[in-house]
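Go ahead and model the full structure; you've got the sequences and the hints to work with.
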Amino acid sequence: MDPVFIAIQLLNGLQYGLLLFLIASGLTLIFGIMGIINLAHGAMYMIGAYLAYDLTLRTGSFWLALLLAVPIAVVLGLVIERLFLGTLYRRDHLYQVLLTFGLILVLNEAQRIIWGNDVQSVAVPPSLSGNITLTDNLQYPVYRLFVGSVCLLMAGGIYWVIRHTRLGIVIRAGAANRDMVEGLGIDVRTLFTLIFSIGVGLAAFAGMLSAPMTSLYPGMGDNVLITCFVIVVIGGIGSIKGAFLGSLLIGQAATFGPVLLPALASVIIYLIMAAVLIIKPRGLFA
Amino acid sequence: MLHRYPKRVPIMMLTLTAILVLYPLWGAALIGDGSEFFLEKLTLMLILGLFAMSLDLLVGVIGLVSLGHALFFGLAGYTLAMASPSYSAASLWWMMPLVMLVSALSALVIGALVLRTRGIFFIMTTLAFGQMLYYLVSDASFTGGSDGLFIMFKPTLAIGDLTLIDLENPLHFFYFVMGVTLLAYLFLHWLIRSYFGQVLDGIHDNEHRMQALGYATYGYKLAAFVISGVLAGVAGMLAAMQYGFANPAQLGWHLSGEVLMMVILGGMGTLFGPLLGAFAYELLHYAFEHLTVYWQLLMGLTIILIVLVLPKGLAGLILDPPRFRLPGAGMKGLFRSGPAALFKARLGPALPHEHDEGRHYE
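Going down the list, the protein sequences come from chains W and X. Numbered by my numbering, the letters in the first sequence go through residues 1 to 286 in order. Numbered by my numbering, the letters in the second sequence go through residues 1 to 362 in order.
Keep in mind the hints are simulated off the structure, nothing from the lab. It cannot be assumed that every hint is accurate.
Unchecked claim - Restraint-style ranges between C-beta atoms, simulated for each label pair:
hint	chain 1	residue 1	chain 2	residue 2	range
1	X	Thr17	W	Val259	53 to 61 angstroms
2	X	Ala223	W	Asn137	53 to 61 angstroms
3	X	Arg116	W	Ser215	34 to 42 angstroms
4	W	Gly116	X	Leu171	35 to 43 angstroms
5	W	Leu260	X	Val21	55 to 63 angstroms
6	W	Asp136	X	Ser146	37 to 45 angstroms
7	X	Val309	W	Ser215	35 to 43 angstroms
8	X	Met152	W	Ser215	33 to 41 angstroms
Backbone N, C-alpha and C define an ideal beta-carbon position, used for all residues, glycine too.
This is the structure in structure tokens:
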């Protein structure tokens with residue numbers, strides 16, 4: 001393989017991994033702090049993508065669509081948390097699984113009712129539609145670089161919030177011992193609502209960013225959800241660092257897998273997960 | 001775990017069984033032209049009931065929430081499709097053991113891995129392994145890709161040239177499925193009450209204590225996982241026979257979620273509950289499908305509602321029926337005096353009566 005090709009694959013993998021991190025970080029935070037397993041996380045990614053599609057059509061600008069869609073997604077997360085999840089915190093995971101499974105059905109069907117069954121796409125915004133020329137016949141799309149850098153900025157932002165702000169202290173403490181945090185007088189209920197809204201907001205934001213790069217179809221969130229589960233299992237549940245490194249690993253595996261091991265392309269990430277389970281059943285960073 | 005049910009449970013189950021057995025008598029009269037179709041639906045409900053019972057052994061008895069149980073269901077269908085000759089029928093005498101063997105081996109390998117994890121990890125890893133097989137099957141050419149494989153002929157059940165049960169006949173197939181489901185029910189009923197089942201029950205309540213008592217809980221859980229996988233495989237084989245094909249959807253995680261819902265809707269850990277749950281879920285499914293093309297919306301809302309208001313499922317309603325107090329029943333003793341009387345008046349009638357017949361429902 002020639003080095004330029006490898007470099008492009010590395011870049012693709014990095015960008016995909018960073019995008020996955022946006023989704024997986026929400027998933028792992030929601031579990032680590034709230035103890036909730038949120039199957040509807042992938043559906044929120046899908047809703048984000050469709051919101052970007054719809055609002056881009058209406059407003060004519062992808063940037064305006066992003067600006068409008070993010071608050072909508074966060075409010076949707078807030079409503080879901082307040083309406084449905086409130087009763088589930090003290091109950092078995094089983095009921096969380098089922099309730100969020102029901103939510104998937106509702107969100108998927110809502111998507112079909114609002115936007116239909118057709119495959120849709122979103123145009124890359126004109127300002128980023130160019131390519132960077134690498135060699136005579138190899139180019140790299142600017143939009144992918146943009147997405148990679150935005151995700152990197154977001155990852156940096158998440159790190160900063162968790163390491164250096166008061167909210168971050170509460171989040172870390174909450175992940176370590178929820179009851180103790182509550183006992184210290186922190187309003188856990190509000191914290192949960194905040195974490196859930198931000199978490200699903202991140203997933204929806206990832207959906208919006210990827211809308212110009214992929215096609216939009218009903219149920220597109222399912223694959224993403226399961227990939228992120230694999231990441232969270234590999235990294236260790238509740239660990240942001242684990243989610244970050246897991247995302248990068250899976251991003252590379254998903255881009256290099258089809259090239260190096262075409263026969264195992266579709267299962268390679270699960271094989272990695274199986275290997276991690278054999279070596280460290282609680283994840284690499286738990 | 002409740003080991004002896006109040007009499008109304010066996011009476012109700014026997015009545016329902018009798019109603020099903022007598023379907024040829026009332027089916028055509030009550031449903032008319034659609035009775036053939038409805039017979040196939042009833043067969044499918046029985047198959048799903050078997051599937052749900054197999055999952056109940058994990059979810060209800062041991063407390064292991066698997067979100068990848070459709071793996072064994074779908075794998076069995078593919079085993080049948082791939083092992084069947086193209087232009088003639090296979091014999092069930094060796095097809096059944098083959099399917100059970102494949103299910104057992106895959107459950108052994110997967111169980112050995114996933115049982116290293118607990119709680120939420122278990123949910124995620126079972127889901128991921130189920131999806132791994134799903135993608136493997138939908139991408140590979142020898143499994144027919146996303147179209148799946150057709151099964152042209154149902155296996156035969158014969159000794160020499162003598163056909164014992166003609167499985168191509170829908171009514172005979174219905175009775176055959178019913179027999180298998182009944183056998184599985186009796187087997188699980190016995191298993192749960194055996195020494196082995198008691199250990200599983202103990203693991204459900206407190207695994208660490210069971211370990212401290214000297215039980216190798218991992219081995220017990222693995223054995224139960226294999227048994228559950230084999231029964232799910234039998235259900236999957238019957239379903240593939242009924243459909244006439246094996247399809248990736250039969251091992252997708254949506255089916256795993258649905259069968260979990262059947263277990264909860266029926267009432268987990270009760271065995272007869274999940275059987276009822278499969279019927280109730282499928283009946284709801286058909287009703288919603290007739291009502292609107294967006295039936296999944298209604299199904300999703302129903303699932304959410306059941307989780308919120310009926311966590312113990314239908315079996316919970318049957319074992320511990322809600323009692324409605326007559327208006328004024330709580331007023332008794334209001335005119336007595338003294339703190340004890342006041343306490344009774346306020347709290348007495350409102351206390352739950354969960355210790356029905358000296359046992360409680362878990």
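Quick rundown of the hints versus the structure:
{"no.": "1", "hint": "X:Thr17 to W:Val259: 53 to 61 angstroms", "in the structure": "holds (57 angstroms)"}
{"no.": "2", "hint": "X:Ala223 to W:Asn137: 53 to 61 angstroms", "in the structure": "holds (59 angstroms)"}
{"no.": "3", "hint": "X:Arg116 to W:Ser215: 34 to 42 angstroms", "in the structure": "holds (38 angstroms)"}
{"no.": "4", "hint": "W:Gly116 to X:Leu171: 35 to 43 angstroms", "in the structure": "holds (42 angstroms)"}
{"no.": "5", "hint": "W:Leu260 to X:Val21: 55 to 63 angstroms", "in the structure": "holds (58 angstroms)"}
{"no.": "6", "hint": "W:Asp136 to X:Ser146: 37 to 45 angstroms", "in the structure": "holds (39 angstroms)"}
{"no.": "7", "hint": "X:Val309 to W:Ser215: 35 to 43 angstroms", "in the structure": "holds (39 angstroms)"}
{"no.": "8", "hint": "X:Met152 to W:Ser215: 33 to 41 angstroms", "in the structure": "holds (36 angstroms)"}
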